[in-house]
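Residue numbers (the numbering used here), protein chains in the order written: chain L, 2 to 400; chain F, 359 to 610.
Bear in mind the hints are in silico, worked out from the structure with no lab data behind them.
Please read all numbers here as calculations on a predicted model, not as lab measurements.
Glycine included, every Cβ here is placed at the ideal spot set by N, Cα and C.
You may find that some hints are simply not true.
Ranges between beta-carbon positions, derived for each pair [what the hints assert, rightly or not]:
| hint | chain 1 | residue 1 | chain 2 | residue 2 | range |
| --- | --- | --- | --- | --- | --- |
| 1 | F | V375 | L | E362 | 23 to 29 Å |
| 2 | L | K28 | F | A515 | 27 to 33 Å |
| 3 | F | T503 | L | K28 | 28 to 34 Å |
| 4 | F | Q388 | L | E362 | 43 to 49 Å |
| 5 | F | V375 | L | R113 | 51 to 57 Å |
Here's the letter readout for the chains.
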Amino acid sequence: MLAIGFMLTDEQRTVIDAVEELLRKLKPRQEAYFKSIYDDQHYPDELWEHMSALGLFGALVPEAYGGSGLGLLAMTLAMERFAAHGLGNVLAVLTTMDAMAILRGGTEAQKRRFLPAIAEGKLRMAFAITEPDAGTNSFRMRTLARKDGSVYRLSGRKAWITGADRADYVLVVARTIPYEEVIAQGLRERYGMGLFLVDTKAEGLSMQAMETVGIEGFRQFFLYLDDVEVPEDHRIGDEHDGAEVMFDALNPERILFAAKGVGMTEYALARAAEYAKARRVFGDTPIAAYQGVQHPLARLKVLQEAARMLTYQAAEAFDRGRARSEVGLFANMAKYLASETAFEAIDRAIQTHGGNGFSKEYHLIRMMAPARLMKTAPINNEMVLNYIAERALGLPRSY
Amino acid sequence: MKIVVLLKQTFDTEEKVVVEGGKVKEDGAQFIINPYDEYAVEEAIRIKESGDAEVVLISYGPARAEEALRKALAMGADRAILIEDETPSADEAYVAELIARAVEKEAPDILLAGYFSVDNGAGQVALRVAERLGMNHVGAVLKLTLDGDRVRAERDAEGDIEVVETTLPVLLTAQQGLNDPRYPSLPGIMKAKKKPLDRLTPGELGVERKETTQVIEQYLPPKKEAGKIIGGTAEEAARELVRLLREEAKVV
């Protein structure tokens with residue numbers, strides 16, 4: 002059952018069918034994929050290639066640049082389906098977000114240079130904003146981009162950078178004017194920030210894996226930028242007003258994370274229902290017949306559908322070019338409900354499985370960390386609620 | 359060059375088959391392109407891609423078979439013909455006669471089909487079509503090479519490979535292993551929606567429904583009994599096994 006009440010276009014339904022068809026075909030490989038993703042922390046390249054061949058990245062790119070121009074909602078539907086099969090792909094989310102930054106904030110030359118390759122799935126992209134001492138308050142970041150003739154020189158340290166080792170480029174957010182100077186000059190704190198597409202093989206860029214758990218098949222990295230030279234034509238958006246482009250790209254990230262949460266919830270509920278129907282504990286009655294088992298799952302189903310509606314609405318608003326704040330409100334609401342629901346759904350599916358919930362064979366326990374992560378990243382749910390309180394209810398800012 | 363591919367929409371082989379009142383229940387079932395026909399479609403598209411060919415699909419079945427045809431169009435076929443019948447016959451002679459009439463009009467150089475369909479599994483229709491149209495035929499093809507109107511096919515001969523050379527026009531039936539069928543891409547699917555799909559009725563082909571065979575009943579195979587494990591030393595076990603084979607199974 003897929004969002005019966007939501008008016009999806011024929012093309013969008015086609016995306017769902019095409020992804021389902023692909024995943025049906027890949028079903029014999031599922032255990033191997035799970036092993037690679039959840040045991041070896043390595044998202045299979047093969048799956049990325051299938052996504053590319055299917056034309057999913059092309060969906061993001063307008064026809065003029067070699068894509069099919071289906072938009073973010075198409076990718077949202079696709080990401081949900083992958084996650085519904087336990088195959089959520091965060092690097093695809095980040096690549097989408099960077100693609101949107103180029104599409105919305107890039108020059109014509111940049112679009113012609115990068116978008117066709119993105120459409121073909123040939124470019125994998127990470128995103129680097131977080132620093133050890135600048136997380137939620139990213140305006141206070143210390144990474145500096147210094148103009149030096151026709152190039153920029155980037156120096157600083159980033160942390161929790163997902164999939165940096167598997168990416169061709171990383172979109173780095175850096176200060177073009179130090180935070181203190183901006184404040185001293187009485188400018189807005191978001192002023193003096195730029196976006197730079199940095200080749201992951203660039204001289205002066207090094208990375209070190211962090212010992213974190215929670216991203217399906219990808220590791221997170223410290224990124225060290227030591228006077229990394231970035232050509233001027235790799236700056237996306239205005240030199241000091243990169244935040245404008247960045248905020249445009251953060252919405253798709255939240256929307257696709259929400260889609261991943263909706264998909265994960267579907268996976269958890271399907272597994273729980275399947276198990277409960279087969280499992281008999283007292284006599285011949287399957288545990289699925291007990292209301293104590295049914296009701297929590299039914300309740301999560303309601304929340305999942307609600308999260309799905311919010312997610313599609315946010316993606317649709319983005320595709321229609323609605324105001325960033327409007328998209329942002331729905332993106333944040335979707336991300337909130339989808340992440341809370343996904344975590345609860347995995348938890349409840351484990352509970353339904355009893356001891357088997359902790360057996361690797363049933364995969365659920367391995368999805369616990371990825372489900373939990375979504376409440377914290379890409380932004381924690383408390384900040385999401387702050388945003389909603391401020392923007393939807395007009396309540397004063399508390400921080 | 360013109361290639362016609364015979365395609366049947368069948369049950370999803372991953373689906374659980376439910377039999378009710380002597381018939382396979384279709385409600386809520388998933389339907390797919392018969393997997394062997396999918397190899398045939400893929401091969402036709404590869405021939406097209408390596409040279410110049412038109413790929414025409416022909417299917418006989420209910421209206422829902424359009425989904426299977428659209429999928430093959432999305433893979434890269436050019437157009438499709440659906441011989442529509444809401445209560446399709448399972449009589450191979452009749453079905454072959456219908457399809458032969460449609461194929462005849464297209465006059466293909468190559469007729470491709472699956473080795474057999476995974477539902478009825480008779481493997482007769484394509485061969486009967488070739489017979490009616492006087493075409494050469496190579497079955498269970500694993501590898502195909504074309505050179506002008508010369509055809510070289512490697513076929514599965516019960517585990518061995520038989521190499522057959524023949525000439526166009528020819529019917530080739532695809533065996534598993536011939537290729538690895540592609541799945542439709544999003545742009546392919548969108549294009550497929552605009553590709554021509556003609557619907558014909560058996561009447562329009564001038565064929566009267568005449569069945570020489572009928573399906574009387576359908577039932578699931580009996581459940582497998584649990585196996586018997588013979589214990590003891592190797593010598594005791596061997597003796598017991600021979601006794602069982604002789605006295606119970608009566609095979610030696």
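Evaluated hints:
| no. | hint | in the structure |
| --- | --- | --- |
| 1 | F:V375 with L:E362: 23 to 29 Å | holds (27 Å) |
| 2 | L:K28 with F:A515: 27 to 33 Å | holds (31 Å) |
| 3 | F:T503 with L:K28: 28 to 34 Å | holds (33 Å) |
| 4 | F:Q388 with L:E362: 43 to 49 Å | violated (26 Å) |
| 5 | F:V375 with L:R113: 51 to 57 Å | holds (53 Å) |
Hint 4 alone, counting from the list given before, is not met by this structure.
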